[in-house]
Structure formats: structure tokens, C-alpha cells
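Engineer: In case you want the letters, here they are:
Number of protein chains: 2
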Amino acid sequence: MERKSGRPEGVRPEICFNDSPLGTRPYEGEDRVTGKIVTEYESRFQSFLAAGGPVNCRERTDKLRAELARRGLAGFIIPRADQHQNEYVAPSSERLSWLTGFSGSAGLAIVLSSRAAIFVDGRYTVQAQAQTDPGVFTTIHIAEMAPSAWIEMNLNRGERLGYDPWLHTQTAADQFTAACSQIEAELVPTQSNPIDAIWTDRPGEPIGAVRMHPLRYSGETARAKISRIQSAILKMDGIIITDPHNIAWLFNIRGSDVAHTPLPLGFAYVPVQGRPTLFLDRRKLSDAVRARLNAIADVHEPAELTDFISALGRRGSPVGFDSSTSPVALIQIFESAGGKPKLGPEIVGVLKARKNSVEIEGAKAANERDGAAVCRFLNWMKREAPKGAVTEISAVVAIEGFRRDSGMLKDISFATIAAAGENSAIPHYRVSEISNLKVRRGLFLIDSGGQYEDGTTDITRTIAIGKPTKEMRDRFTRVLKGHISVARAVFPKGTTGAQIDSFARESLWRAGLDFDHGAGHGVGSYLSVHEGPQRISKAGTAVLEAGMILSNEPGYYAPGRFGIRIENLVVVRPIEIPRSEREMLGFETISLAPIELDLVDVKLLNRHERDWLDAYHARVRARLSSRVDPKTRAWLVRATRKLASRTRT
Amino acid sequence: MERKSGRPEGVRPEICFNDSPLGTRPYEGEDRVTGKIVTEYESRFQSFLAAGGPVNCRERTDKLRAELARRGLAGFIIPRADQHQNEYVAPSSERLSWLTGFSGSAGLAIVLSSRAAIFVDGRYTVQAQAQTDPGVFTTIHIAEMAPSAWIEMNLNRGERLGYDPWLHTQTAADQFTAACSQIEAELVPTQSNPIDAIWTDRPGEPIGAVRMHPLRYSGETARAKISRIQSAILKMDGIIITDPHNIAWLFNIRGSDVAHTPLPLGFAYVPVQGRPTLFLDRRKLSDAVRARLNAIADVHEPAELTDFISALGRRGSPVGFDSSTSPVALIQIFESAGGKPKLGPEIVGVLKARKNSVEIEGAKAANERDGAAVCRFLNWMKREAPKGAVTEISAVVAIEGFRRDSGMLKDISFATIAAAGENSAIPHYRVSEISNLKVRRGLFLIDSGGQYEDGTTDITRTIAIGKPTKEMRDRFTRVLKGHISVARAVFPKGTTGAQIDSFARESLWRAGLDFDHGAGHGVGSYLSVHEGPQRISKAGTAVLEAGMILSNEPGYYAPGRFGIRIENLVVVRPIEIPRSEREMLGFETISLAPIELDLVDVKLLNRHERDWLDAYHARVRARLSSRVDPKTRAWLVRATRKLASRTRT
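Chains as they are written, first to last, in the working numbering: chain F, 1 to 649; chain G, 1 to 649.
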């Protein structure tokens, strides 16, 4: 039924991709690294232009140094952050990228009068070196030297180092303060961000329209959520909510201020009793939405926030701040007015993570819809790629097209990772015109997801183009064993994600192999595809609770050769066991798409693993057959065939 | 050979236990709970008198309150602790037991003018209620209310709460300070401990003789260890060592100031350059030992410690303190003299945890010797218990006798846990005349270890007396699967114990079962049987490194019915894997004794598990046959027979 619904022109892949393997009409754009004219293909939600680049690095850094000198500052700290510590930030907050040319999703630069450095994690060291001007910025692996250590080494005694208190948490500010005091220098909060003073064509703050998130998707009224919060903060006067994800969840609203996540940027205060106060730009609110919000909260302009916080502070009563997202500026304002800030993990996030039955049903519907698109993509890919005319970019365009075919796709949940051959060995690869590879014989990895009003999806499949090597099948099967081990896990209430993470690695470990990312992250409900606190990772200290949605995505990467990842979303749910002595939990897998059987070495699977895979594929076939076209259906039956059983001990 | 060596009278179990099932000559003593006369059997290292009891509780608490009033204190905090936060404390430090009657190994009491409470963990709630006077002390499960919360509720505004700063860490003191300031009361360090003022017959401080720990056991000279420490603390002036285990390791000395652990109580200072200073009571040192120590360190009396710390403080330079064992008194003295204390994990402990090849060879020899004694015990037990004349106490006496037969037993490494029937369901059960059960049909669990100069052992076996039930075999086999899963684990460098812990539980979890203790703890080298930082537990954040020795001891407990635990010691060692991409580590099992095959349901084991058990038993047989008497040897061959193989998937 959904397949029949409104299908935008140029996205009927069954036809258009056969006619034009590289997708639809290209238009031209300038590549910022090479300056040469490149073509971009139609993808509503993702660009293939290589972002960033060193071209303007020196000039802009010189301007910044002049501005700092004017302000009597010896240096300035530039994080890749907005006022909410968001993963995706608005163009107006891309100061790090504007200054340095580095376009990665995480990093921090420090500019001093005579030297400057940019700190990035292992994913981005190569990219940062390529995108920044090495004559201006030294790229430093943050695991090898922390910014605070670099400050101690390079800032001089008595100098003043500036930072924008709206872009740092208390923890970060404390580290910089400690570093400065070590060398008897001073850390100074700036009134306005010096970059904004020199960034003449800086985009305006986003004012994406705010929509109500209806009860049929949220499953709980904002009123009910607010009173749940209020009954949980009895020891405080109230809490400041600085994480827009939590504001979106609590007030049942969605926005469009940043890419891939339907966030309305803003702040909120929830008192232990009475009406909350919401700080949202009025230009984002239609009269209807404003009326709905006024019914449950006082709505103010963001500009009024600081006076509001000062007034709260003057009351001298305890107010909770989210230690992981509160800008230190707010805390300073509150304290200087006499308030007692209670920094800590913020309760809204934990309640948001536990999805209710309506959200879970929505997630299942969204994943089934999404799975149909993925099936159509995989079938198309297995058919077209061997002809040698598919590139990573056309794959991205194709899978977006298949998702849009549902007529219900609001956005992709993150930039699709479509990686052929050696590119698949880069876990966070993002294709650009520069890196774009033709899909050849070997492995192809696609990690992608959609934003639907009823749920956020995230799924990864690795497929073989042509005949895979013995090594590829061995590695794939070990990753699959890890995936199944997590999917089948049963554990008592109170278990953390850290306790589950090693299940995903055991069979790789036995062969002396591993992968360098967590086995799973939390996923929101038509919100962020990376949601906390739940996660399956060595650092996953949060307890796994019924209703939480997580990804299950072990992988294996052979640098320069190939990469493998198998990802499904799972929901934590109670497990009934006869004569059980504990309250037990387990995972229900909700992503639906075939797992590449051409890459499975059945001999490496034990009976439980074979049974799981057969049962999963039977479910995929049963749920998706009616949702796909006849060609895809025929392929789906083959792709989900029962494994040839073998007796093994 | 060792069997022939000096065998104390009354400990030739092959004979004596046949003649006198309850062991050797009893003598009489008064039970402190009931006051009635009971008999104690010969065990050199363990008493069966029920310790503690409420008899003197009220009178002593009244005396304490009077003393506190004299000192203008509204209350006083009494931890079960000595100046070093030791697990085993000298009789002179048993203030909590003396006051309350609670004899458990962990607890804390707070006495206020009108009410008093004792805080214990889950192991001890029942025992604390039985041993203290409920009219005086309320027993509180520390997980349900923290002492600091209780203080906030019960201490009055303006009141002064005393604590002995020599018995608390900085962390603990900070919590109490915060609690008091919450209610505008005051936490006051006492100059002398008020309990000592009323405990008229308090034993003197222990002065156990200090012995050198020879190079053939330590494998590294004290000089070499000291210079390793010095090269690791370059950023500091030096470190204060407050953990006697670390002093024993660093200076290659052993003592006898506390039970079951060869500790010399004392303190030390290691400067970044030059000679360390050692604070040891001269009465513990023979001229020979003193001479050996003078060669590497300046030896002072403990009484000189505080002046020494003040002098260090006046130098104003950074000195390291072990945050987990430093008494806050020392830190206060150092700070008030102007010093900058650097609290943190103390480096000596980590170096101590990584055993060198000599220590590892010693551990293997000790475990082989110990395994022979355990075999003789198991054979005796399987033969005698069905006759119905063996009790938990005679079992304790017997296994100690078999260990002493080696002529090399210095002490047991902890009070033997010998538990029949329902008692085996209490993980930390300790038999007394009151609790002593006759071993009847069902399960019998024995958790014990020995202190030998070449190594410390700790091993648990659970055996069936008569025919076990189907449930017992199912549970035992699941525990065994967990034990094997840990024993076979292979993991990359950098893995923590927390990442391994769930391997021990997976097969129990699948049946809705679990156990409420860690899967393993670190073990010292002729030192503490509970050594940090290494551990296999949800809380095991320490990285597992080659050379560390840990226990592998999953269990299962059916309250009121039966308990199961299977424990071996393992050494972390590098694992060579063909074409491995990472530095991999694994465990080598060094404890040697049969695992009860009468309790194994082979159908529940997969091929890898069967292979492991057969290989382990073959090794046990090969290593121990020549070390035991013919009768035991015959039994050993049966007890280590190959499993009947079954094809399973």
C-alpha cells in the first residue's frame, strides 16, 4: 500500500537506476578541497561535495588572532559544539569548520598568538590533516595529548586564554581552568564569540518550524510526562533542561533546526510544581503550535533566558543542571546570582530512553517499512553492481530513493555510509565526489537509516559482490556470531551494556581479532539516532531497562582491504523463563532485512546460531513479502532461504 | 616426599579420622552468644567458637556515651577498620566487634546519645541482628541507607559528631563532612579513640616478627623494586605507602601481625630519589632483619611517623597518598604543615599485582602441593561422609591437617568455608559450634586455601554425598559452563575484568539464574588472598595484565537448600594465535583438583567444554598421582576419568 503512495519524480529506482546507473540529474558545484568543479547527484538529505578544506584557513586564523589581540587575549578555544552539546549543529554553529576547514563531527581547536592545534579522535586524524592547513594547525590525536596538557605546554605564564562559556560544559571548563592555573595563566570567558565578529557571512540561527508530535506516536501527553518529572525532582526547586532532545520528548514537539534529527533548539525550566517555562524563538511557532504549548507552559524568547536564570539564582534554592549538556555560562549566571546548582545526570534523558508501548509499536512499524526499502535496495544492488555501473554515491541516492518511495520519510537519520572495497574498512566513512568508488567485486557495506514520525531506524548490511574470499566469509561469520550472541542474550534486571559488550566480540577474540567501536548505541523515537544513556560498550555503565532501543552492530575492519558490519535495532524486553529466579530481560530484534548468506560459513555456526538465523530470515520473509514488488519478492525468498543444516558439536 | 616430612601429632587423617570421626582432642570454651560451655576441636589456624554476641553490648555502649559526653561529642563513628584499611585486623583494632558484638568482616556503627545503628552489607544483615543488642543498635542494610543519610536524619543541628581520623579514608571522611554540613552539624576528628579509653583490657598492638621474603620466592630484589617505583613517580617528591601488603611486597618482607595474611603492619615513604624510610616497631625486627633493612632503607619507629609527615609537608612539595588506604589523619597532618597531597591509586599495588616468573612458578608449585592435600581430603570426604560421622568442623580440621602434612603450610589463607546442605547456600558461611552440621546426603561445599612461602592458594569444590538430584546436576553443570567459559576466555590487551565477568554467568542467565558475588578476585603471592586491583566482576575496572593471578569462581545458591561454587586460580598470560591482529591474553588454570563428575550433566556441555574438562582432569591426574597415597591415587584415577563423549550441536 505504501509503495503505491506519492512517489516523487526521479525516485522510482526499479526504472530510473536501470536507465541511468548514476542516478538522476546532476548539477554542478565547487569542491572546497580542490576548488575544481564537481557534480552532485540528487539526494534530498545528503550532499556529496567534499566539505571543509584548508583554502581559507590561514586568512581566517590571522583575522581571529587580530580580534583576540584587540580583546587582550593570548588565545581562544574553538570546540565543534553548539549551546546544547548537540551531535548535529546548525550552520551558524560550525565555527570550527569555518575557521580550520575540518568538517568532522567531533574536534576542538586552540589558537594561540604564535601556534595553533586541532584535537581530534582516531576516526579523524587523517581527515583533519587533509582538511586543515598544516602551516597553521598541528593535528593532534586527542588520546595522545589532551588539550589541557597542550595548554600547559604552550600557553605562557600570566597570559589570558579565552573560551565561549556557551559552548563548553562545566567539566570541560574545569579542565581548562586547572591547566591554566598550573602555569599561572588565566582562563577567561568571552562575552561574545570572537569568531562571530570576523565571520561576516555567518548564517543566522536556525528557525525551523516546530510541530506537535501527536499522541499516536508519543503515547503519552506532555502533561503526564511533566508530572512524572516533577514527582522525581522533589529534592529540588526545579531543573533546567538544556538538551533539545529532552525538550522535544518532554513537550511532545519536533523541529528542524539541525540536520537528520528533528530538534527544536531551545531551553526549558521545569519547576517541582506548577507550569514549566519554555524558551523557543517565536518565529518557529505557528499560532496553532503556540496555543498548544501555552496550554502547558509559559513560552518565552531565548533572549529572556539569562534574566530568568538570574532570578532563579537569586531565590537561592537548589536547581538541577544536566552536567553533560548545560553550558557553563548558564551555571555561572545562576551561581553569580546566588543559586546552588545541582549538577548531575539529567532525569529526562532516562525517562525518554524507556520507550512506551506506543513508541515501541511505532518503532516496529517504522523498521518494517524501512526494511522493505532496504530489501529493494539490496536486490537492486546485487543485480546492478556486478554490471560495474554502481558507485557509492549512486548507492546512497538509490537507498534514499527507495526510502522516499514509502512517502513517509521525513529525513535520513544520518549521512548514509555506503562503502565499497577498501572504503568499507573505514567505520565512519562518508562518501564524497573525491572518495567515490565504483562498486567492484568484493564487499560492499551500507549503514543507513530513516526518520519517520513513528520511529527512527538504523541498519547496516554487508554484501558480497561476486564470489567472496574464504577470509571474508570467516570474518563475516565471526561478526555474525557476535551479532547473534547479543541478539540472543538473556540477562537479569540491573545488567549494564558494558556486561553485554563482550558477547559481541568473543568469537572475534578467539581468532585474535576485534573491532574498535562499541557494539551498540541507544536510538531515539523520531529523535536522535544516537541516544543515551543506554549503550552496549565497554563504557556502557547505564542499566539496560525494558523499552530501551539500541543498535546491535559488531564489525570487523581489515584496513585497506575490506570492512564488515551487521547492524539491527533491538528493544529491551522482559523474558519469561520457566522457574526463573530473577527478573530477566532480553532483546527483541526489530530491524528486518536479509543477512548476506553468501558470506556465511555455516560450519562455524552452532545449532543455536543456525536456529536464530533461520528464524530471523523466516520472520523477514513473512513480514516483508507483501511490502515489496514481485522481483524483490522473488529475490527475498532466495535471500532468506533456510541454512543447509549440519551436525556439529 | 612432602607427605613424609614433619607431621604434627593428630593430623594423620588417613588414620586418625577413621578412628575418631570428629577429629582430635576437644577442649572446652564458653560460647559468647549463648554463654554455654562448648567444645573446640584442634585446628591451628581457625576457631569454631561463635565469636561476638550481644552480651556486653548495652553496658559498653553506655560507657561510650558517657565518654563522648565528657568530650562534648554528640556521637561517634566506629568502622570495622584499622589504620591501613586491612581486611584482617589485629585484635586491638576489633573495636566494632568489642562494642557491638558483631564479628563480621565489614561494618560500621554510629552511636548517638539516644540512638545507634550498625550498617552492614547483604552478607551480614542476619548475623548483625543476631549478634548485636536490638535494644541498642538498629541493623541497617547499607545498600538501603548510607551512613551519611542516616546522619542527616538523626544528628541534630549544631551537634558535634566524632570520628577517629586514623580509621577512615579521605573519601569516607568527605561523605560524613558533607552530611554534617547539610544539617549544620560538625564532624570532629578525635585526638584519641574514645573506645580505647573505656576498653580497659584492650590487647596491645601486634608485634609479630618480621621475616625477609627470600629472592627465590620474590624473584626481584627490594632495590630493583624501589628503583622501579622511583622511576614511575617522577612528577612527585615521593609517595607515602600506607598499605602493608605493598610494604611487604616492596621491601620483600613478611610478618605476622594479622590472621591469615603474613603482614607486617607499618608505613613507608619512598622518595623519588634516595633511600626510602620504613616505619616498623623495632620489637618486630631481629638484628639480622634490621641489618638487611638498614641496607636499603632508614628504619624508624611508627611513633615518629607524624613528625616525619609534618616535615614533608613543610617542604611544600607534592607527595602521593594512596586514596584507598591512607588514613585521613596523615593527609590532614601533611596539609596542615603546608603540603600538597596527591591522592590517587597507588602505583605499588599495580606492580605487585603483575607477578614475575619466579612468583608464577612458585604459585604453580604451591597450587600443586595444595591440590594434593585437597585430593586427599576429597577422597576422605567421599569415603567417610556417607557413613554419617563427618561434620563441617571435622571437615575443616581434616583439610587443614592434610595441608599441614606437607610440612610447608604457614597458615590457611582464610577461615575455611566448609558447608553442608543448606549452609552451602550461604556464600561466606563460617562454621561455628552453633551452626555445625553433620554432612548428610546432598551437596557439600568447601572453599579453602593455604599460605605457603612460594604462594597463596584458594580453591573451592562442591561434591555430592549420595545421589544428587537432577536440579543439583543441572545447576552444577551451568556453574561449570561459566567456569570453563572464563578459563577458556581469550581477550585483547586492555580488557578489564568487568568485560569477562558475564562469561561466568551466561549459562545461568539463560535459565533465569545468577549469583550475587564477583566471578573472581585477585590473589597475592604469599600475601593477601584478596588482592587488588585485578578482579573479575561488574566493578572490575582494572585492566587484566600478564602475570596477574585471579580466582575463577562462579556459583549458584538456592537459599535454605544447597549451594554450588567451583573455584580455581588462574594466571593471566599472553596467548599466541596464528595470524592474530591483536596482542591477546588468556588464563592458565593453576589450581589442581578433580571437579565432581557425579554432578556433571554431560548433555549440557558442548564439545569445547567437554574437551576442556577432559584436558584439565588429565593434567590433574598427571601432576598429582605421584604426590598422593595409593588409596587416594586409586580414587584420583576414577575422579578424573574421561567424559563419555556425545555428539551434540
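Heads up, a few of these hints could be off.
Put simply, identical chains are the same to the list, so a pair is met inside one copy or across any two.
Here are the simulated DSSO-like pairs of lysine-lysine, each with C-alpha atoms no more than 30 Å apart in a straight line [claimed, not checked]:
#1 493 x 603
#2 470 x 493
#3 387 x 438
#4 481 x 493
#5 642 x 382
#6 603 x 642
#7 342 x 631
#8 493 x 342
#9 387 x 467
#10 235 x 225
#11 438 x 631
#12 438 x 225
#13 538 x 631
#14 538 x 387
#15 63 x 493
#16 470 x 410
These are calculated hints, taken from the structure and not from any lab test.
It should be emphasised that the depicted structure is a prediction, and the values quoted were computed from it without experimental measurement.
Engineer: Work down the list of hints and note, for each, if the structure agrees.
Structural biologist: Against the structure, the hints come out as follows:
1. 493 x 603: between (34 Å within a copy, 29 Å between copies)
2. 470 x 493: Cα proximity of residue 470 and residue 493: across copies only (27 Å, versus 40 Å in one copy).
3. 387 x 438: So residue 387 and residue 438 pass the 30 Å test inside one copy only (11 Å; across, 80 Å).
4. 481 x 493: both (24 Å within a copy, 22 Å between copies)
5. 642 x 382: Answer is within: at 19 Å inside a copy they meet the 30 Å cutoff, but 50 Å across does not.
6. 603 x 642: both (14 Å within a copy, 26 Å between copies)
7. 342 x 631: So residue 342 and residue 631 fail the 30 Å test inside a copy (59 Å) and across (70 Å) alike.
8. 493 x 342: For residue 493 and residue 342, the Cα distance is within 30 Å only inside one copy (29 Å; across copies 38 Å).
9. 387 x 467: Classified as within; 14 Å inside a copy, 68 Å across copies.
10. 235 x 225: within (18 Å within a copy, 51 Å between copies)
11. 438 x 631: within (24 Å within a copy, 74 Å between copies)
12. 438 x 225: neither (49 Å within a copy, 59 Å between copies)
13. 538 x 631: neither (43 Å within a copy, 50 Å between copies)
14. 538 x 387: Classified as neither: same-chain Cα gap 42 Å, cross-chain 52 Å, threshold 30 Å.
15. 63 x 493: Answer is neither; intra-copy 56 Å and inter-copy 46 Å both fail.
16. 470 x 410: For residue 470 and residue 410, the Cα distance exceeds 30 Å both inside one copy (41 Å) and across copies (57 Å).
The structure shown violates the earlier hints numbered 7, 12, 13, 14, 15 and 16.
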